[in-house]
Amino acid sequence: MTKTEAIRPKPAAKKRADNHAMAPINARLTPEDKVELLRQMLRMRRFEQASLKFYNAGKMGGFLHVYIGQEAIAAGTVSLLGEHDHIITAYRDHAHALAVGMSMNECMAELFGKATGCSKGKGGSMHFFAPDKNYWGGHGIVAGQTPLGLGLAFGIKYKGLKGAALCFLGDGAVNQGCFSESLNMAALFNLPVIYIIENNRYSMGTSLERSSAVDRCLAQRAEAYGIDWALASGEDIYEVRAVTQKAIERAHHESKPMVIEFDTYRYYGHSVADANHKGGYRKEEEIEHYKNELDPIRTFKARLIAEKSLTEELYEAIDAEAKAEAAASARFADESPFPTVESVFEDVYFEVDRQTEAGRTGRFFFND
Amino acid sequence: MALIEYREALNQALSEEIERDPNVVLIGEEVAQYNGAYKVTRGLWKKYGDRRVVDTPISEAAFVGMGIGASMMGLRPVIELMFWSFATVAYDQIVNNAGQIRFMSGGLINCPIVIRGPANGGTNVGATHSHTPENWMAAIPGLKVVSPSNGYDAKGLLKTAIRDNDPVMFMENTLLYGEKCEVPQEEYLIPLGKADFKRRGKDVSLIAHGRSVLIARKAAELLAAEHDIDAEVLDLRSIRPLDEEAILETVSKTHRVVLVDESKPFCGVSAQISTLIMEKAFDELDAPVRRVCSLDAPAIYSPGVEHLQLPTPDRVIQKVREIC
Chain A
1 MTKTEAIRPK
11 PAAKKRADNH
21 AMAPINARLT
31 PEDKVELLRQ
41 MLRMRRFEQA
51 SLKFYNAGKM
61 GGFLHVYIGQ
71 EAIAAGTVSL
81 LGEHDHIITA
91 YRDHAHALAV
101 GMSMNECMAE
111 LFGKATGCSK
121 GKGGSMHFFA
131 PDKNYWGGHG
141 IVAGQTPLGL
151 GLAFGIKYKG
161 LKGAALCFLG
171 DGAVNQGCFS
181 ESLNMAALFN
191 LPVIYIIENN
201 RYSMGTSLER
211 SSAVDRCLAQ
221 RAEAYGIDWA
231 LASGEDIYEV
241 RAVTQKAIER
251 AHHESKPMVI
261 EFDTYRYYGH
271 SVADANHKGG
281 YRKEEEIEHY
291 KNELDPIRTF
301 KARLIAEKSL
311 TEELYEAIDA
321 EAKAEAAASA
331 RFADESPFPT
341 VESVFEDVYF
351 EVDRQTEAGR
361 TGRFFFND
Chain B
1001 MALIEYREAL
1011 NQALSEEIER
1021 DPNVVLIGEE
1031 VAQYNGAYKV
1041 TRGLWKKYGD
1051 RRVVDTPISE
1061 AAFVGMGIGA
1071 SMMGLRPVIE
1081 LMFWSFATVA
1091 YDQIVNNAGQ
1101 IRFMSGGLIN
1111 CPIVIRGPAN
1121 GGTNVGATHS
1131 HTPENWMAAI
1141 PGLKVVSPSN
1151 GYDAKGLLKT
1161 AIRDNDPVMF
1171 MENTLLYGEK
1181 CEVPQEEYLI
1191 PLGKADFKRR
1201 GKDVSLIAHG
1211 RSVLIARKAA
1221 ELLAAEHDID
1231 AEVLDLRSIR
1241 PLDEEAILET
1251 VSKTHRVVLV
1261 DESKPFCGVS
1271 AQISTLIMEK
1281 AFDELDAPVR
1291 RVCSLDAPAI
1301 YSPGVEHLQL
1311 PTPDRVIQKV
1321 REIC
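Heads up: the protein sequence lines correspond to chains A and B, in order.
The C-terminal residue of the first sequence carries number 368 in the working numbering, and the numbering is unbroken.
The C-terminal residue of the second sequence carries number 1324 in the working numbering, and the numbering is unbroken.
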């Protein structure tokens, strides 16, 4: 078996999928719960498809890293979180935001750079946050969030809470030094942090084979620190939930870290500008293969219909609703005002914003 | 009042804040069992234990980032860098995470973190360990930078920094750790953004921060004794926020300024102060603003030379005499 084959297991066999479906965390799902998971994945996809459309229409600036193809991971993991569980991710952050309950309106408005955006138009696509929903971003520097995830777990443990910090990263991020440093400290301090590598096979335009020295998989690097790890399919939401649930339970009950690697795939480029389709770094057939054979939404839909949890009519209704919600969010964003230029001096210093005594003492900004 | 070392003043500040606020936690290399590389945290681990005083591996990016993440959760970590020079390996965490997350989240998040440690040359440890990064940090809107020149200020400023709700870069000095000064028994705080006149004078203003304040004071004594020049010494204490009022007050009084700044001259703190004076007090000046900085090259190791690369009283006197 070549290394490439080893890290890309064949499509999950039906038996394997059935086992995950029967895992306790999935077996207890009602038909309504299952449809809700599917609905979340559809909302993510329709939101991002709408965002692409408006990006191409010139409504947004900068980058737009879409998650399409990876939805089962954000939807599956976030569906497991409790009151004291926290999440943090990298720049491909729209789906996680919707999963934690951020509205399409605030997310789309942020992409449009509007004052009504979740970060008031100050953060953009890569920087969505909702601390009230235990969502700590949205981070633009590759692996820069991995020590922060460690810190969230440190905070959980320090406060004596039964919680976990889920820190998502891409396959490219595993080669940054601070991730290795974080793994060492996670193990050393027994912190309840779960690093979730969303391996979509390409760090920008560089394939996994060209960027990472691997034996079996990326998550296996955890072994060097005595941290348990798992390699799983990121295309089957039942598998995502079953594997993640074990890690969460371990974090809650033993305060132990874990590394999970989900095999997944993004259909679109690293960002909108990408060397993808025109004879670039991957073949069109490869993309089509994932879309046709392994799409997480298509796969789950088929399963739910087979289970009789879902009808084609219900699916169409949910999908239409997601599309309408996304379209409405674009209208909301388009009609919203831009932030004022003066607003750049807000949200820089807490003490200045609150005009506390500390915020009124001395000069903070140095414009002429 | 008790006569104590600068490091002891810092130690008292840390101890008092640990006692006061259960969310204060000290994190860094050798801060616990070793009592701190420069003994600033001496005795704290023994007194407060593993939970409040945490030794880390040599992983600045991870432990600084961990502190930032924990601060987002409501803790108030005080992170020790053994040398501020090591901020280079944690620069992304400090600049992009501590410095930008409040803004990029539209004000939803704040990082009440203090990063502290020595930031100075003059100890013959070579260029990698001798950086004076107050200008690197003060150049980032979102960060605050403090640089106390004596133990009294150090204690009051550190206590304020720990209670501040923004990230504060607290820059100490290994050459000052053993300096003694009077520190009261009762609690006191010193606000950030409030400079302090360390000497009153009428002929020229010497504006400095950190150990350069000592150089300026020494120069002022010699100027008075040998040249009949009465210099005023203004200690900035914090770089950002900056006490612009005090700077303009002294410039308007003496009309002559020499800036004394151990950071490098190019884009250094003194360059910013000089611009500020030009913008706001041009008509008050009777002479061009002069600067005494570290000589603009990497810090030399040689014990016979390094002290001459830093600001010296002689260089200050020379600059003062050019304009007085």
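By construction, these hints were calculated from the structure, which means they are not laboratory data.
Built from N, CA and C at the ideal position, the CB exists for glycine as well.
Heads up, some of the hints might be wrong.
One-sided and incomplete, this derived list gives chain B residues near chain A with beta-carbon spacing under 10 Å [to be verified]:
1. Asp1164
2. Asp1243
3. Phe1282
4. Leu1285
5. Pro1288
6. Leu1295
Index of numbered hints that the structure contradicts, given in increasing order: Hints 3, 4, 5 and 6 are the ones this structure does not satisfy, whereas the remaining hints hold.
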